[in-house]
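Quick mapping for you: the protein sequence lines, in order, are chains A and B.
So for the first sequence, this note's numbering puts the first residue at 2; every next one is plus one.
So for the second sequence, this note's numbering puts the first residue at 2; every next one is plus one.
Worth double-checking, as some hints may not be accurate.
Repeated chains share a single entry, so a pair holds when one copy, or any two copies, can fit it.
Straight line, CA to CA, 30 Å or less: simulated BS3-like cross-link-like pairs of lysine-lysine [what the hints assert, rightly or not]:
1. Lys269 - Lys117
2. Lys48 - Lys36
3. Lys392 - Lys99
4. Lys55 - Lys36
5. Lys384 - Lys36
6. Lys384 - Lys108
7. Lys123 - Lys384
8. Lys365 - Lys99
9. Lys320 - Lys378
10. Lys379 - Lys131
11. Lys55 - Lys365
12. Lys117 - Lys379
13. Lys272 - Lys123
14. Lys269 - Lys390
15. Lys117 - Lys384
16. Lys108 - Lys36
17. Lys365 - Lys131
18. Lys99 - Lys384
19. Lys108 - Lys269
20. Lys117 - Lys48
21. Lys272 - Lys36
22. Lys123 - Lys379
23. Lys320 - Lys123
In case anyone wonders, no lab produced these hints; they're calculated from the structure.
Protein chains: 2
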Amino acid sequence: MHGEIITIGNELVSGRTQDLNSWYAAGRLTASGLKVTRVTSVGDDEKRTGEALKRALNSSRFVIVTGGLGSTTDDMTCEIAANALDCPLCLDHQMLSKIEEYVRDRKIQMTESLKKMARMPKGARMINPKGATCGFSLVTEDVHFYFLPGVPDQTRYLIDTFVLPDILGRYETLPVMRQRIIKVYGLDEPRIAEIFNSIERRLEEVVLGFYPHFPENHITISLRGRDEPSVSSILDRAERIISEMVGPYAFTHDSREMEEVVGHILQKNEKTLSVAESCTGGLIGTRLTDVAGSSRYFQGGVVSYSNQAKIDFLRVSRKTIESYGAVSAETAREMAMGVRSAMHTDIGLAVTGIAGPDGGSRDKPVGTVHIALSSEKKIFTEKYRFWGKRKQVKLNSAMMALDWVRRYLNGDPFISGI
Amino acid sequence: MHGEIITIGNELVSGRTQDLNSWYAAGRLTASGLKVTRVTSVGDDEKRTGEALKRALNSSRFVIVTGGLGSTTDDMTCEIAANALDCPLCLDHQMLSKIEEYVRDRKIQMTESLKKMARMPKGARMINPKGATCGFSLVTEDVHFYFLPGVPDQTRYLIDTFVLPDILGRYETLPVMRQRIIKVYGLDEPRIAEIFNSIERRLEEVVLGFYPHFPENHITISLRGRDEPSVSSILDRAERIISEMVGPYAFTHDSREMEEVVGHILQKNEKTLSVAESCTGGLIGTRLTDVAGSSRYFQGGVVSYSNQAKIDFLRVSRKTIESYGAVSAETAREMAMGVRSAMHTDIGLAVTGIAGPDGGSRDKPVGTVHIALSSEKKIFTEKYRFWGKRKQVKLNSAMMALDWVRRYLNGDPFISGI
Numbered sequence: 002m003h004g005e006i007i008t009i010g011n012e013l014v015s016g017r018t019q020d021l022n023s024w025y026a027a028g029r030l031t032a033s034g035l036k037v038t039r040v041t042s043v044g045d046d047e048k049r050t051g052e053a054l055k056r057a058l059n060s061s062r063f064v065i066v067t068g069g070l071g072s073t074t075d076d077m078t079c080e081i082a083a084n085a086l087d088c089p090l091c092l093d094h095q096m097l098s099k100i101e102e103y104v105r106d107r108k109i110q111m112t113e114s115l116k117k118m119a120r121m122p123k124g125a126r127m128i129n130p131k132g133a134t135c136g137f138s139l140v141t142e143d144v145h146f147y148f149l150p151g152v153p154d155q156t157r158y159l160i161d162t163f164v165l166p167d168i169l170g171r172y173e174t175l176p177v178m179r180q181r182i183i184k185v186y187g188l189d190e191p192r193i194a195e196i197f198n199s200i201e202r203r204l205e206e207v208v209l210g211f212y213p214h215f216p217e218n219h220i221t222i223s224l225r226g227r228d229e230p231s232v233s234s235i236l237d238r239a240e241r242i243i244s245e246m247v248g249p250y251a252f253t254h255d256s257r258e259m260e261e262v263v264g265h266i267l268q269k270n271e272k273t274l275s276v277a278e279s280c281t282g283g284l285i286g287t288r289l290t291d292v293a294g295s296s297r298y299f300q301g302g303v304v305s306y307s308n309q310a311k312i313d314f315l316r317v318s319r320k321t322i323e324s325y326g327a328v329s330a331e332t333a334r335e336m337a338m339g340v341r342s343a344m345h346t347d348i349g350l351a352v353t354g355i356a357g358p359d360g361g362s363r364d365k366p367v368g369t370v371h372i373a374l375s376s377e378k379k380i381f382t383e384k385y386r387f388w389g390k391r392k393q394v395k396l397n398s399a400m401m402a403l404d405w406v407r408r409y410l411n412g413d414p415f416i417s418g419i
Numbered sequence: 002m003h004g005e006i007i008t009i010g011n012e013l014v015s016g017r018t019q020d021l022n023s024w025y026a027a028g029r030l031t032a033s034g035l036k037v038t039r040v041t042s043v044g045d046d047e048k049r050t051g052e053a054l055k056r057a058l059n060s061s062r063f064v065i066v067t068g069g070l071g072s073t074t075d076d077m078t079c080e081i082a083a084n085a086l087d088c089p090l091c092l093d094h095q096m097l098s099k100i101e102e103y104v105r106d107r108k109i110q111m112t113e114s115l116k117k118m119a120r121m122p123k124g125a126r127m128i129n130p131k132g133a134t135c136g137f138s139l140v141t142e143d144v145h146f147y148f149l150p151g152v153p154d155q156t157r158y159l160i161d162t163f164v165l166p167d168i169l170g171r172y173e174t175l176p177v178m179r180q181r182i183i184k185v186y187g188l189d190e191p192r193i194a195e196i197f198n199s200i201e202r203r204l205e206e207v208v209l210g211f212y213p214h215f216p217e218n219h220i221t222i223s224l225r226g227r228d229e230p231s232v233s234s235i236l237d238r239a240e241r242i243i244s245e246m247v248g249p250y251a252f253t254h255d256s257r258e259m260e261e262v263v264g265h266i267l268q269k270n271e272k273t274l275s276v277a278e279s280c281t282g283g284l285i286g287t288r289l290t291d292v293a294g295s296s297r298y299f300q301g302g303v304v305s306y307s308n309q310a311k312i313d314f315l316r317v318s319r320k321t322i323e324s325y326g327a328v329s330a331e332t333a334r335e336m337a338m339g340v341r342s343a344m345h346t347d348i349g350l351a352v353t354g355i356a357g358p359d360g361g362s363r364d365k366p367v368g369t370v371h372i373a374l375s376s377e378k379k380i381f382t383e384k385y386r387f388w389g390k391r392k393q394v395k396l397n398s399a400m401m402a403l404d405w406v407r408r409y410l411n412g413d414p415f416i417s418g419i
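Build out the structure end to end from the sequences listed, making use of the hints.
If you want it as structure tokens, here you go:
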């Protein structure tokens, strides 16, 4: 069952923005057993977009189109689709009342450009009409078109939640398609490739996928088959084999983020957490609080960017900083103890390091990071060297620190440092 | 002068690999004043590739094609091009002797599949015949095709060194292309659309673009022309007109992030900053510290997620929290004063709110956020209502708080709340 993807936007054909939408859509469609035969990107350009839509009508069974659905004058996808697919524009009452609701809620003025968004090709059906993010589908000559906004987060959400199930439900392929995901942290691509090579022969028709999401890596295990029990039992076995090989590097077997996994384990163990952040500057705190309900286990933290803040808020001794430096195991240790005691939590977590690009030295090059964890029983510290730019060093530092909480509560060893 | 890009490879249409070649080529061509009208990716598929080449022949002046030039059986670009562009395959002696040299140097056996690589469409001219990395060009019906390997490093090298100079030497384009960017915060898409509508007639050939980057919006102003001074003076005028309409909603006229702009203004004014974060959980701190050198003005902060942390670290009075609640102007005010005094900074910034999805009430619905700024002279507070999911509420809260520092130091009024 084959289809194609059309992405619209001047930013794509001018090279200003990478076309992540088509990449994501192609990956998801392929993993679901569908075939993508063509990806076309065009500018906000009536002629080229119209051509692309007509060509798709003549050669594909399903077509995903992204971009050009907003309210500015260069958002012309509805008009172009109406012309190219011969479905005149009509006022869509469902869409209009959605826009009116939006205008009412935000107490803004209704404008012509907003009203324009309610004019949709005849026969269009809204995708996710109750949600904040919508698109529409349109069936012409038995070809299913899915028109989605160009914002990557929104596109991904709509593809996964509505478009893919709709396409899969429509075609007689092997009816059951299941995918498992294993998210790993601390195992790099070459080591995962080795694991794949060593087991691929044992997994028969199972399809393995690898997706880097810095600093994580995601492994997918997919299979299409005739019925749920047989597909599931083959996938169970494949997942077990891979799990054994990756061990505690796997932090979750579902779509959760590390901070959700950590939050879950903290709650299960009835433990509370506080953090003392230097080089991460608040990144651990903001990730922990991205999870709804995190106030149940996360008490807060101190962003002790200056030495004085480390001394005032965390009771790090001035002497420790003077003797060993702010980036040292000793300072990290006192930060973790200090925040745990000041915030009255079970666990105190601390990170201090050099995110760069300046501030490195021969002894302590950019990317040197100390992590410490203080619990009721014991204090742990470890030194790491992370590579990459400032933001990447911060991301790895925060991820490693969160991973420490997970491994500590699971009784697994920490990833070793240097 | 317009052209297009065709990239070939199963790894592209299956989503396994991001198509960095077309992105790079599009960016380089656009920056050189050429226009890319379409990017097409197809699999290693004779039919689709042939169609794409024929279509390009009928609609473009130049075409860059990458992929499918190797020696494996799925590398069929030469054959497909020969058929589609009606240039029969011939043995190319220059290519053959290159392959023979390669075989001799490496002391490997000449194979049929290696020999196959010497069969090229009639009229093809090798690109970089003396180098290790080659491609070929082919002119049919006055359309210039450039066939390049799919390996990104090689493609980039050949584009920059041979293809781009060749195209530019061939066409009389308006040589100068310049683009300005204005990043705005707090002006939504409909209002920007209205501004565009009201000024587009006054801007003649200038091209305006609009790009949402939640929670910011970016406006681009582009122009192509004969020489730098005339292009610049028209763009100056357009930028001035738009600047007047957007006023202090524009936070930068370059690629900087809000936190870089804020950091710059803090340094210029020799002011230091500390933050007290409740619902943002550390997001303001991590954004400020994404900027290299931020330790010069950012002292740190307190993530006071629990009430106890607000009382212990920020000296918020228990009575204030009990009387007005943790999410209130009064608490925000004491947080800002508290963090400013505890961290010994010129400015103390505080955010407290309800990020959701739980915790809202009739009086204080999800998205209610109080911001406070305490300076040596005065304390400001304001109440906002942000929309969207938890992360979006956090993003808007952090952005608004950073915007306060910018506007405060610039002497501009804050964006009004509710």
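Hint by hint, here is what the structure shows:
1. Lys269 - Lys117: For lysine 269 and lysine 117, neither the intra-copy (51 Å) nor the inter-copy (45 Å) Cα distance is at most 30 Å.
2. Lys48 - Lys36: both (27 Å within a copy, 15 Å between copies)
3. Lys392 - Lys99: between (39 Å within a copy, 23 Å between copies)
4. Lys55 - Lys36: Intra 19 Å, inter 23 Å, cutoff 30 Å: intra and inter.
5. Lys384 - Lys36: neither (47 Å within a copy, 51 Å between copies)
6. Lys384 - Lys108: between (53 Å within a copy, 16 Å between copies)
7. Lys123 - Lys384: neither (62 Å within a copy, 43 Å between copies)
8. Lys365 - Lys99: Between copies only: 24 Å across chains, 56 Å inside a chain, cut-off 30 Å.
9. Lys320 - Lys378: within (25 Å within a copy, 36 Å between copies)
10. Lys379 - Lys131: The answer is neither: 51 Å in one copy and 44 Å across copies each exceed 30 Å.
11. Lys55 - Lys365: neither (60 Å within a copy, 51 Å between copies)
12. Lys117 - Lys379: For lysine 117 and lysine 379, neither the intra-copy (63 Å) nor the inter-copy (45 Å) Cα distance is at most 30 Å.
13. Lys272 - Lys123: neither (56 Å within a copy, 58 Å between copies)
14. Lys269 - Lys390: So lysine 269 and lysine 390 pass the 30 Å test across copies only (26 Å; inside, 36 Å).
15. Lys117 - Lys384: This pair counts as neither: shortest intra-copy Cα distance 58 Å, inter-copy 32 Å.
16. Lys108 - Lys36: neither (45 Å within a copy, 41 Å between copies)
17. Lys365 - Lys131: The answer is between: 23 Å across copies meets 30 Å, while 54 Å in one copy does not.
18. Lys99 - Lys384: Answer is between; shortest inter-copy Cα gap is 26 Å, intra-copy 53 Å.
19. Lys108 - Lys269: neither (43 Å within a copy, 37 Å between copies)
20. Lys117 - Lys48: within (20 Å within a copy, 39 Å between copies)
21. Lys272 - Lys36: Result: close neither inside a copy nor across copies, 46 Å intra and 58 Å inter.
22. Lys123 - Lys379: Neither: 67 Å inside a chain and 58 Å across chains, both beyond 30 Å.
23. Lys320 - Lys123: neither (75 Å within a copy, 60 Å between copies)
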